[in-house]
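Asker: Use the sequences and the hints to build the structure in full.
Those protein sequence lines, which keep their order, are chains A and B. Counting in this note's numbering, the first sequence runs from 1 upward without gaps. Counting in this note's numbering, the second sequence runs from 1 upward without gaps.
Rather than coming from a laboratory, the hints here were simulated on the basis of the structure. Don't take every hint at face value.
What the hints assert, rightly or not - Straight-line Cα separation of at most 16 Å, EDC-like style, residue types lysine to aspartate or glutamate; simulated pairs: (1) Lys49(B) - Glu203(A); (2) Lys49(B) - Asp61(B); (3) Lys92(B) - Glu201(A); (4) Lys92(B) - Glu203(A); (5) Lys49(B) - Glu59(B); (6) Lys17(B) - Glu59(B); (7) Lys100(A) - Glu110(A); (8) Lys71(B) - Glu55(B); (9) Lys62(A) - Glu149(A).
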Amino acid sequence: MVGFLVGEALRDLRRAGRVAISAIVLIMLSLAAVGSFLLLSGNLGHAVSAWRDRLRVIVYLKQEPSTAAASALARKVEAMPGVAGVRYVSRAEALASLKKTLGKDASAAEHLTANPLPASLEVTPTADAATPEGARRLVERLSALPEAEEVAGGVEWVDKLARLQRLVTLVGLGFGGVLGIAAILTVTTATTLVLHARRHETEIMRLVGAPELVIQLPLLLQGMVQGLLGAALALVALAIAHAFVAPKLVPLMAAALGLGRVDFLPVLQIGAIVVAGAVLGALGGLLARGRVAA
Amino acid sequence: MIAMDRVSKVFSVGPVKVPALTDVSFRVAKGEFVVLHGKSGAGKTTLLKLLYRTEVPSEGDVEVLGQPLAKLSRRGVAALRQNIGVVFQDAKLLPGRTVYENIAFVLRVLGTPRGEITARTFDALRAVGLHSRARAYPAQLSQGEAQRAALARAIVRRPALLLADEPTGNLDDEMGNEILQVIRDIHAGGTTILFATHQARLATGLRRRVLVLEAGRLVKDDG
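Answerer: Structural data, given as structure tokens:
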């Protein structure tokens, strides 16, 4: 019976002809749009996570403390709420770090008559404190330290990046949604053509007492086949685009966001796109199905 | 097998009521061969449609194969139709399928095991003398052959009741006689037959019980 139903669905698909092809292309476009925005959003999400992990608040000290005083100050700061870790950076360490950063231009630092850099504390915030509000409270607490000259660092821009990521996801879903509705309507048209073409079969099926499920399931299946084909084509197009474009984007992403690679969609999202394709197609079949029931 | 009790059917065409059957009552016993005779528009097709439940009566009760049809669910109607074979004036074969596929299609939609389909399809084709034309498409058949294929499709499920709605109406005498012989053979196998025709010569020539319909009323039952 399953073979019969699938056979009838494929026969119906052939009957729908060009309209079915249009529906498949529209499903492909809508899912490719959603997929590409998900891809962009996913990689922005990686950047947001990476930057949240790397986030540090720097407390510049008025004076370089003795080793014992630095340890005591670090312990005091570590005990504050919102602090996950503290590292004391002496003036000498700060200068060494600067030279390392300057690389081949490090000789410029040799001409300094004295080390101009202050000692500091590198404070790693907890996850709660790595939000704009949490960071503001942490900066307030650290600024209140008598040893603190200045407190630098904030998470506003990371948060802006996170907002951008959410916006990209929403735009993708909206864009894909509009195309998805067009795809559903096209599948409905294709299924309606099929209904017209198979009216004699339907009449015979009813006449001989075929169960309603057997009459209507091929319609649903041919819609789902259109959806699955559209989803498969969308994933192939995304994979090809990723293979060609990602290597060219890596230097840009590394410079702008510190990302060493541009990942493809995770397995869960690939599965979601396949399911979305099947659902889009089935919805189109379902909308037309009401007419055969009538 | 069949019982109609004071059955009327009225069709509404906008505000106009058109009576198709009026106060029709009769019974057909299991194994009978009954001819339903009447001119075009007398109500023969409507009466048959009430029996396989594509129409419901406006008044009265219909019972087929021991089942009152009034309260039959959709699933019940499907189950009932699995035991009724129907043939029409137009053979209604599916043009894109061969004769074999047209008949096997019925068994496939009803979920018959794959192993049985071929044997039962060829049994039905042999019963109507069409097994040598199994691979032909409907367009390649004569009208008589097409009607025999339609009969094979109707009997492939071995129904208890065969409703024939003017199956010889489009055929010349020779082809019509062939179809009649096939229907007689089917009846000889134990199937109850209700055979509708507008041809008076045919109705009397069959020498069977005849129900005569005139303008939707049953005016004669010689049973």
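Asker: Is the straight-line distance between the alpha-carbon of Lys17(B) and that of Glu59(B) 16 Å or less?
Answerer: Answer holds: Lys17(B) to Glu59(B) is near 14 Å, not above 16 Å.
Asker: Given the hinted pair Lys49(B) and Glu203(A), is their alpha-carbon gap at most 16 Å?
Answerer: Holds - the C-alpha atoms of Glu203(A) and Lys49(B) are around 13 Å apart, at most 16 Å.
Asker: Given the hint that Lys92(B) pairs with Glu201(A), test it: the Cα-Cα distance must not exceed 16 Å.
Answerer: Holds, at about 9 Å.
Asker: Can the restraint linking Lys62(A) and Glu149(A) be considered satisfied, given a maximum Cα separation of 16 Å?
Answerer: holds, 5 Å
Asker: Compare the distance between the alpha carbons of Lys100(A) and Glu110(A) with 16 Å, and conclude whether the hinted pair is satisfied.
Answerer: holds, 13 Å
Asker: Please work out if Lys71(B) and Glu55(B) have their alpha carbons no farther apart than 16 Å.
Answerer: Roughly 13 Å separates the two Cα atoms, so the pair holds.
Asker: Is Lys49(B) within 16 Å of Asp61(B), Cα to Cα?
Answerer: holds, 14 Å
Asker: Between Lys92(B) and Glu203(A), is the straight-line Cα distance small enough, at 16 Å or below?
Answerer: holds, 9 Å
Asker: Checking one constraint from the list: CA of Lys49(B) to CA of Glu59(B), max 16 Å. Satisfied?
Answerer: holds, 15 Å
Violated hints are absent here; each numbered hint is respected by the structure.
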